[in-house]
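Produce the complete structure using the sequences and hints provided.
Heads up, the sequence shown is in full-length UniProt numbering, so the first residue is 1 and it goes up one at a time.
Hint data in this document are derived by calculation from the structure and do not stem from the laboratory.
There may be inaccurate statements among the hints.
[To be verified] Straight-line alpha carbon distances no greater than 16 Å define the calculated EDC-like cross-link-like pairs of lysine to aspartate or glutamate that follow:
hint : residue 1 : residue 2
1    : Lys202    : Glu134
2    : Lys56     : Asp81
3    : Lys80     : Glu68
4    : Lys300    : Glu279
5    : Lys319    : Glu309
6    : Lys223    : Glu309
7    : Lys281    : Glu301
8    : Lys319    : Glu307
9    : Lys107    : Asp148
10   : Lys37     : Glu198
11   : Lys319    : Asp296
12   : Lys299    : Glu279
13   : Lys56     : Asp77
14   : Lys239    : Glu309
15   : Lys129    : Glu114
16   : Lys89     : Glu114
17   : Lys223    : Asp34
18   : Lys107    : Glu153
19   : Lys37     : Glu173
20   : Lys24     : Glu277
21   : Lys80     : Glu62
22   : Lys319    : Glu301
23   : Lys202    : Glu173
24   : Lys37     : Glu201
25   : Lys85     : Glu114
26   : Lys223    : Glu244
27   : Lys223    : Asp213
28   : Lys223    : Glu3
29   : Lys251    : Asp213
30   : Lys89     : Glu173
31   : Lys24     : Glu279
32   : Lys129    : Asp109
33   : Lys56     : Glu68
34   : Lys202    : Glu137
35   : Lys85     : Glu62
Because the structure is a prediction, the values reported are computed rather than measured.
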Amino acid sequence: MSELLNVSNLTKVYRIGSLIGGIKLTAVENASFDVNKGEVFTLAGESGCGKTTVAKIILGFEEPTSGEIHYLGNRIDVLKDKERKKLFKHIQAVFQNPFTTFNPLRKVDSYFYELLRNFGIAQDLSEMKRIISETLEVVGISYNEFVDKYPNEFSGGQLQRISIARSLLTRPELLVADEPVSMVDASLRMSIVNLFGELVEKFGISILYITHDLMTAYYLGGKIAIMFRGNILEMGSTKQVLTEPKHPYTKLLIESIPQPNPRKAWNSRIKLSDLEEVEYKASGCKFAGRCPFVMDICKKEKPPYFEVEGTLVKCFLYK
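Here it is as structure tokens:
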């Protein structure tokens, strides 16, 4: 597989509170990973671990404090608005809640025609209709059941499929999917996950899949990075990481899968519990305060990565 997206030493620092009495929060700390063509790469972890911040920076909604992002060898984190707009033809997003993706007072099909016009993809109305019909067919929605309707006329599952279809209109190489099944009924989640699998297998699309749901991550396969307090603690084959976890946090995460928190949306204000603040500000390993295998060095130094059976693990246990 050839490399599509490269994230190198990505760091994002926020200031929480006032300029005088506030604290600095390193939401993402030196995160590095690659997404290859035709591959699923999952960023997994609890709410607030930094995975969505990574997605926001890739999509240009946030600027990194340091680090670089390259797409097909070209640096994209420094692009201006006009250049980034062109990039959106190749990188598209699928968000958590489809009902916030579409304006409830606007017909859904208008978004599709507008997108095709903005990117100059179709020459006339009949070609637009053909492209829309073919794209909807990929996600299992017919044009007739879609056209001339408002968002509230669809179920959550239907609207998420329509949201995915909208992202496919530009024939992107990469989809950034942020918790795309967490707001969908449990009975419909696997149908969305299966759809992502088909997009990879049939069309060679790469997917950056962001989730707390390790079951869907395992089902999709590919590669996975487990995040905690802004750090990637373990990274490797999804199957290997989730069946033979090396890092103590990964083991804990598998034993107690956290539930999604809809209040922590993309634009929500960052608030920290006392425990989170202590862990984010820790000078050594962020997980040291809860780790059953903690050593003195864990509290003083940041662990490097060790390669263990093909998996990268950020833990002194493997020194």
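Each hint tested on the structure:
{"no.": "1", "hint": "Lys202 / Glu134", "in the structure": "holds, 14 Å"}
{"no.": "2", "hint": "Lys56 / Asp81", "in the structure": "holds, 15 Å"}
{"no.": "3", "hint": "Lys80 / Glu68", "in the structure": "holds, 15 Å"}
{"no.": "4", "hint": "Lys300 / Glu279", "in the structure": "holds, 13 Å"}
{"no.": "5", "hint": "Lys319 / Glu309", "in the structure": "holds, 14 Å"}
{"no.": "6", "hint": "Lys223 / Glu309", "in the structure": "holds, 14 Å"}
{"no.": "7", "hint": "Lys281 / Glu301", "in the structure": "holds, 13 Å"}
{"no.": "8", "hint": "Lys319 / Glu307", "in the structure": "holds, 10 Å"}
{"no.": "9", "hint": "Lys107 / Asp148", "in the structure": "holds, 6 Å"}
{"no.": "10", "hint": "Lys37 / Glu198", "in the structure": "holds, 14 Å"}
{"no.": "11", "hint": "Lys319 / Asp296", "in the structure": "holds, 14 Å"}
{"no.": "12", "hint": "Lys299 / Glu279", "in the structure": "holds, 11 Å"}
{"no.": "13", "hint": "Lys56 / Asp77", "in the structure": "holds, 11 Å"}
{"no.": "14", "hint": "Lys239 / Glu309", "in the structure": "holds, 13 Å"}
{"no.": "15", "hint": "Lys129 / Glu114", "in the structure": "holds, 12 Å"}
{"no.": "16", "hint": "Lys89 / Glu114", "in the structure": "holds, 13 Å"}
{"no.": "17", "hint": "Lys223 / Asp34", "in the structure": "holds, 10 Å"}
{"no.": "18", "hint": "Lys107 / Glu153", "in the structure": "holds, 10 Å"}
{"no.": "19", "hint": "Lys37 / Glu173", "in the structure": "holds, 8 Å"}
{"no.": "20", "hint": "Lys24 / Glu277", "in the structure": "holds, 10 Å"}
{"no.": "21", "hint": "Lys80 / Glu62", "in the structure": "holds, 13 Å"}
{"no.": "22", "hint": "Lys319 / Glu301", "in the structure": "holds, 13 Å"}
{"no.": "23", "hint": "Lys202 / Glu173", "in the structure": "holds, 13 Å"}
{"no.": "24", "hint": "Lys37 / Glu201", "in the structure": "holds, 11 Å"}
{"no.": "25", "hint": "Lys85 / Glu114", "in the structure": "holds, 14 Å"}
{"no.": "26", "hint": "Lys223 / Glu244", "in the structure": "holds, 14 Å"}
{"no.": "27", "hint": "Lys223 / Asp213", "in the structure": "holds, 14 Å"}
{"no.": "28", "hint": "Lys223 / Glu3", "in the structure": "holds, 13 Å"}
{"no.": "29", "hint": "Lys251 / Asp213", "in the structure": "holds, 14 Å"}
{"no.": "30", "hint": "Lys89 / Glu173", "in the structure": "holds, 9 Å"}
{"no.": "31", "hint": "Lys24 / Glu279", "in the structure": "holds, 13 Å"}
{"no.": "32", "hint": "Lys129 / Asp109", "in the structure": "holds, 10 Å"}
{"no.": "33", "hint": "Lys56 / Glu68", "in the structure": "holds, 14 Å"}
{"no.": "34", "hint": "Lys202 / Glu137", "in the structure": "holds, 14 Å"}
{"no.": "35", "hint": "Lys85 / Glu62", "in the structure": "holds, 15 Å"}
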